[in-house]
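Chains as they are written, first to last, in the numbering used here: chain R, 9 to 176; chain P, 9 to 176; chain X, 9 to 176; chain A, 9 to 176; chain L, 9 to 176; chain E, 9 to 176; chain Z, 9 to 176; chain C, 9 to 176.
Just to be clear, a hint being listed does not mean it is correct.
Stated by the list, open to error - Derived DMTMM-like pairs: lysine to aspartate or glutamate, alpha-carbon spacing no greater than 20 angstroms straight-line:
1. X:Lys86 <-> P:Glu52
2. L:Lys63 <-> Z:Glu149
3. A:Lys172 <-> P:Asp20
4. Z:Lys63 <-> L:Glu149
5. P:Lys147 <-> R:Glu62
6. C:Lys86 <-> R:Glu52
7. R:Lys86 <-> C:Glu56
8. P:Lys27 <-> A:Glu168
9. R:Lys147 <-> P:Glu62
10. P:Lys35 <-> P:Glu146
11. C:Lys172 <-> Z:Glu24
12. Z:Lys86 <-> L:Glu157
13. P:Lys86 <-> R:Glu52
14. R:Lys86 <-> P:Glu146
15. L:Lys172 <-> E:Asp34
16. L:Lys28 <-> E:Asp20
17. E:Lys63 <-> C:Glu149
18. A:Lys28 <-> P:Glu52
19. C:Lys172 <-> Z:Asp20
20. A:Lys63 <-> X:Glu149
21. C:Lys86 <-> E:Asp20
22. A:Lys86 <-> X:Asp34
23. P:Lys172 <-> C:Asp20
24. X:Lys86 <-> A:Glu154
25. A:Lys147 <-> X:Glu62
26. A:Lys86 <-> X:Glu154
27. X:Lys27 <-> R:Glu168
28. R:Lys63 <-> P:Glu146
29. E:Lys86 <-> Z:Glu56
30. C:Lys86 <-> E:Glu157
31. E:Lys147 <-> C:Glu62
32. X:Lys86 <-> P:Glu56
33. R:Lys63 <-> P:Glu52
34. P:Lys28 <-> C:Asp20
35. E:Lys86 <-> C:Glu154
36. E:Lys172 <-> R:Glu24
37. E:Lys86 <-> C:Glu149
38. Z:Lys172 <-> A:Asp20
39. A:Lys63 <-> X:Glu146
40. P:Lys86 <-> X:Glu56
Keep in mind the hints are simulated off the structure, nothing from the lab. Since the model is a prediction, treat every value here as computed from it, not as a measurement.
Number of protein chains: 8
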Amino acid sequence: MEILLSIYLGSDSDVEQFKKGFALLDKWQLPYRLHILSAHRTPEALAEAMTQDEKDGCHVFMAGAGMAAHLPGVVASKTIKPVIGVPLASGPMNGTDALHSIVQMPPGIPVGTMAIGSAGAQNGVIFAAQILGGPWQEKAEAHRRERAEQVLAKERQAQEQGYKAFLS
Amino acid sequence: MEILLSIYLGSDSDVEQFKKGFALLDKWQLPYRLHILSAHRTPEALAEAMTQDEKDGCHVFMAGAGMAAHLPGVVASKTIKPVIGVPLASGPMNGTDALHSIVQMPPGIPVGTMAIGSAGAQNGVIFAAQILGGPWQEKAEAHRRERAEQVLAKERQAQEQGYKAFLS
Amino acid sequence: MEILLSIYLGSDSDVEQFKKGFALLDKWQLPYRLHILSAHRTPEALAEAMTQDEKDGCHVFMAGAGMAAHLPGVVASKTIKPVIGVPLASGPMNGTDALHSIVQMPPGIPVGTMAIGSAGAQNGVIFAAQILGGPWQEKAEAHRRERAEQVLAKERQAQEQGYKAFLS
Amino acid sequence: MEILLSIYLGSDSDVEQFKKGFALLDKWQLPYRLHILSAHRTPEALAEAMTQDEKDGCHVFMAGAGMAAHLPGVVASKTIKPVIGVPLASGPMNGTDALHSIVQMPPGIPVGTMAIGSAGAQNGVIFAAQILGGPWQEKAEAHRRERAEQVLAKERQAQEQGYKAFLS
Amino acid sequence: MEILLSIYLGSDSDVEQFKKGFALLDKWQLPYRLHILSAHRTPEALAEAMTQDEKDGCHVFMAGAGMAAHLPGVVASKTIKPVIGVPLASGPMNGTDALHSIVQMPPGIPVGTMAIGSAGAQNGVIFAAQILGGPWQEKAEAHRRERAEQVLAKERQAQEQGYKAFLS
Amino acid sequence: MEILLSIYLGSDSDVEQFKKGFALLDKWQLPYRLHILSAHRTPEALAEAMTQDEKDGCHVFMAGAGMAAHLPGVVASKTIKPVIGVPLASGPMNGTDALHSIVQMPPGIPVGTMAIGSAGAQNGVIFAAQILGGPWQEKAEAHRRERAEQVLAKERQAQEQGYKAFLS
Amino acid sequence: MEILLSIYLGSDSDVEQFKKGFALLDKWQLPYRLHILSAHRTPEALAEAMTQDEKDGCHVFMAGAGMAAHLPGVVASKTIKPVIGVPLASGPMNGTDALHSIVQMPPGIPVGTMAIGSAGAQNGVIFAAQILGGPWQEKAEAHRRERAEQVLAKERQAQEQGYKAFLS
Amino acid sequence: MEILLSIYLGSDSDVEQFKKGFALLDKWQLPYRLHILSAHRTPEALAEAMTQDEKDGCHVFMAGAGMAAHLPGVVASKTIKPVIGVPLASGPMNGTDALHSIVQMPPGIPVGTMAIGSAGAQNGVIFAAQILGGPWQEKAEAHRRERAEQVLAKERQAQEQGYKAFLS
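Could you put together the complete structure from these sequences and hints?
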């Protein structure tokens, strides 16, 4: 199976925060693979999976993790392909620990880091499409236009109905 | 002039933190362009420069800024090409304000964020090469091997001479 | 339609935190306009709306946003009228990211920043009235006296009934 | 003496961080008054000074302070004119304590807060001019254009000479 | 009415966090007075109340507030009696803003600061008794012994029943 | 009764966060003792309990506490055996205060600090087994393999069913 | 020797931050004693010193420490007299760790906490005088008046000479 | 060569912060080995070195790193021996990023974390001796007594000479 993007999560409990990101991939029919593997508990399986991903054409990697989030950095150390990191919100620090563990990579092994949590997971998928270029970049551009249209529809609603239209 | 990468800084005082990054670009002979432009003070010049960059073949954008660092996000809103953001260390908060202003982009307009300051600027250049692929990815890989060799040389020195060899 | 104040929010989900602020505007009959527009997704519509606002007499702008909150700064870059910024509480960092993205504006383009969330939205409205001067400043002063009266009523209750009167 | 702006600092050691702000006021010939008074040590003198300021035509107040910075809030409680607050960088927390003590004002008594330190002091002066309107707003606009020109000059230098022109 | 301790809260919504503190005062029959007054909205009433408190024998003041919590510092500026400050948990920063606004008082006007929220309110009451000395210090000591007995009872339970005894 | 590990908690309300840690100890049949004692309220009982623990063969101590968490440091000052500290999530700062109070021990009295909350309590138990060596280290190793197997099972599920299998 | 105040520091390197505090004690001739003792390294000497202090009439204790600053809390656990805590600025966290370790004391053992560093040490001395009452409270009041006079002198200088008088 | 402790640093620039720690090891003649290796750049060399360490009798591992400090966690994932982590102070966040990246390890792979920087490196060495037990624990105990003696000598000096003896 050919893939362009491979996504690594350290735990199945992280999938929830990626839900909107996966939905976008499904909508775009962007061929990807999801792995649930741990940098520290299953390092061999991780290395093998990444090797297979690259054989299958993978151009971009993404990894999401919470707390002392090492997975994106470890993935980045095992490939020269671009790696996108998503800090996940979990535990008492709610993802600021994961942010520091991913974005503050020392010089040499970059990880392109996104926002904490669901917003970051969605943006990670869009960023992957932007890196992949060609039709995927076009889909990202179309998606951006759709979101702009949604904003403009809200703007029209605001002009017609005022703020009360948006109160729950 | 053909370029592959375009780098935007909001102020000439930011160049110092990018020095090692520029040196890497020079070494690799990666065709790039540096702009000193501001998202808020010179929005038209920024838009024109980006249009010209794209005409000249630019595939990846990078932007660095300090404090309430809006430049990377504004650049990202004006192109569908991937944008790399580097939070710079300046002012009393020393770059944590810039980190939050860049990495916490809301869903829709991603910025691949690097570490604060010089480490992030270097990694931004490497990340750009990884995105560009082909020979640039190979140069990034060679660079990684060189750095690994440097580490291994230090390791040999540590085994032969012990810790005192590294004290200033 | 003549307006004195124009309020920009990046998303309709931000309206809830402005509810008390809008209620104050309604009570004061201060002519204002609410826009739901995004600095990054709908830059042209934002520019047009601001131009129309100024034509319609707008003296003060306000903008609220969460996460990497660029909207107040972008609004401030497009007008020489005073701009009030309200960081909104959203996402895993609960608005401290938005605070840094708004208040730490570099020299040249100021944003008068309020507290995070609903308290800031109310204060933004009061601050706008203070800037507008004349009858609006008087309404703000009357509002302040009313709130002082409410505090003094609570003080009397405390002296008469003690702390148990205030337990739910 | 007629004044339009009155600036309160809690200590003469705070003047240094306002130096560029004062230079701007001098350049614009904006009539202002500087007070060194403390919210806690000299409350009566503060109240009297503010009364005199208002008699002399003062339209906007500004206050800067470090650590548990109460001065801007106390000034705001004594006038219905708009008050601009500047958190100053001092002590081991370097101004983040002052930022929280100024920007997080509870509902009712707003303070339009600027960035920490010298950047905030400059922006406070510009913001005051924007509030004052008329010729002062024009001076702020001219200042913005000058700064934009400076940026564009740096941009030309970058295009002609590259990054090395900016290294010290 | 003679009082030894006077407690100032800025809002009746703050009473809840002081509930356990008030219960301790009731139990000890320590004569105190609760005021709901605001440093900024009702400065005259605050000054008058404090004058009356001192006439009525008040030896120690306490003040609790949330967000940019100026009340304890303002109370401290109006008396030479010791003032205890309690940062309250409210708003998106959950009391860390209030902590910085109270504990970081600049040299000259100290506020003896307690922990954020209910724990701090209880400790404030105990600290007041320690300052008052004599029988109140003895009550604080007896309270400490009671709490130690409670801990020792839990220790015996742990030795006899193990950890499961404490799971809900 | 022989024990190898002794665990000190400052309050019975802390037991909940240690539940998974205790379950692991039960599963491994690692002989341990739980104490509910306070560094500040019951110092003598704490000293006696530790003396008895050491007589009973205790090799490793662990202590968990929230807020200004002094218990691990005090335990560490009373024994030369290794002490593991677990910052607990409680109060408005949710455990970051406890983290600073435990991990930042000044030179001389180390505390091996774990993550905040339940994750840290589990890791503390595993770390104790690693220190104890011999069969306990083997049990820790077996536990690690089990967790790796669980991850690999999730990975197989991901490959077979995709992300939707993990949504609740 | 009779004393009223006893000050505990964990290290002689902490004395520098208390210099202005000691100077104030000398000026006021307030009888005090300085101890260099550690909560963890010299617990017996600490207990003995405190017993002697109380025999010698000590009414108020103060303790300053950096990093995971347990000394104030340990002192507070050994006396029913009021204890003032001063977080000191040392190490990479510059005293915010010490602040959390002192101010966040759990319910039962309060420590009246001052600002981080030299400002807090000065305020601690003033707060001790306020607690001691009588002539010491008068000296604190006179000191406050002196500082107010100094501020007023600066205010006169500001009115006569403007801001340039205060630039170095 | 037999060793009991193996220390991994990611860069020779980290050695400076370990200087006092190494001096203690030298003084105790505790057989150890220093490696300069990177988790991400030299993963194979790291794995080989650790295997050799274990063959040579290594009982305890230590690792220090700055920024997004993954080295301690990666070392911990490759051995069942106890691993001590030392966050190093480097870059604009001065080691708080490294602290979060080390201490917040998710459940399963513990790292016993020390304070940031030089204090943590010293404590790491002491903690290793405590884990090793036997004569090394005795040396740690003797070291603790020596430091206690040093404190007591300072205490005598304080009683004899007062605070001025300690001012530089």
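For each hint, the structure was consulted:
no.	hint	result
1	X:Lys86 <-> P:Glu52	11 angstroms, holds
2	L:Lys63 <-> Z:Glu149	18 angstroms, holds
3	A:Lys172 <-> P:Asp20	10 angstroms, holds
4	Z:Lys63 <-> L:Glu149	18 angstroms, holds
5	P:Lys147 <-> R:Glu62	19 angstroms, holds
6	C:Lys86 <-> R:Glu52	11 angstroms, holds
7	R:Lys86 <-> C:Glu56	17 angstroms, holds
8	P:Lys27 <-> A:Glu168	17 angstroms, holds
9	R:Lys147 <-> P:Glu62	19 angstroms, holds
10	P:Lys35 <-> P:Glu146	13 angstroms, holds
11	C:Lys172 <-> Z:Glu24	9 angstroms, holds
12	Z:Lys86 <-> L:Glu157	16 angstroms, holds
13	P:Lys86 <-> R:Glu52	42 angstroms, violated
14	R:Lys86 <-> P:Glu146	14 angstroms, holds
15	L:Lys172 <-> E:Asp34	11 angstroms, holds
16	L:Lys28 <-> E:Asp20	19 angstroms, holds
17	E:Lys63 <-> C:Glu149	18 angstroms, holds
18	A:Lys28 <-> P:Glu52	28 angstroms, violated
19	C:Lys172 <-> Z:Asp20	10 angstroms, holds
20	A:Lys63 <-> X:Glu149	18 angstroms, holds
21	C:Lys86 <-> E:Asp20	36 angstroms, violated
22	A:Lys86 <-> X:Asp34	26 angstroms, violated
23	P:Lys172 <-> C:Asp20	10 angstroms, holds
24	X:Lys86 <-> A:Glu154	16 angstroms, holds
25	A:Lys147 <-> X:Glu62	19 angstroms, holds
26	A:Lys86 <-> X:Glu154	16 angstroms, holds
27	X:Lys27 <-> R:Glu168	17 angstroms, holds
28	R:Lys63 <-> P:Glu146	17 angstroms, holds
29	E:Lys86 <-> Z:Glu56	17 angstroms, holds
30	C:Lys86 <-> E:Glu157	16 angstroms, holds
31	E:Lys147 <-> C:Glu62	19 angstroms, holds
32	X:Lys86 <-> P:Glu56	17 angstroms, holds
33	R:Lys63 <-> P:Glu52	45 angstroms, violated
34	P:Lys28 <-> C:Asp20	19 angstroms, holds
35	E:Lys86 <-> C:Glu154	16 angstroms, holds
36	E:Lys172 <-> R:Glu24	9 angstroms, holds
37	E:Lys86 <-> C:Glu149	11 angstroms, holds
38	Z:Lys172 <-> A:Asp20	10 angstroms, holds
39	A:Lys63 <-> X:Glu146	17 angstroms, holds
40	P:Lys86 <-> X:Glu56	17 angstroms, holds
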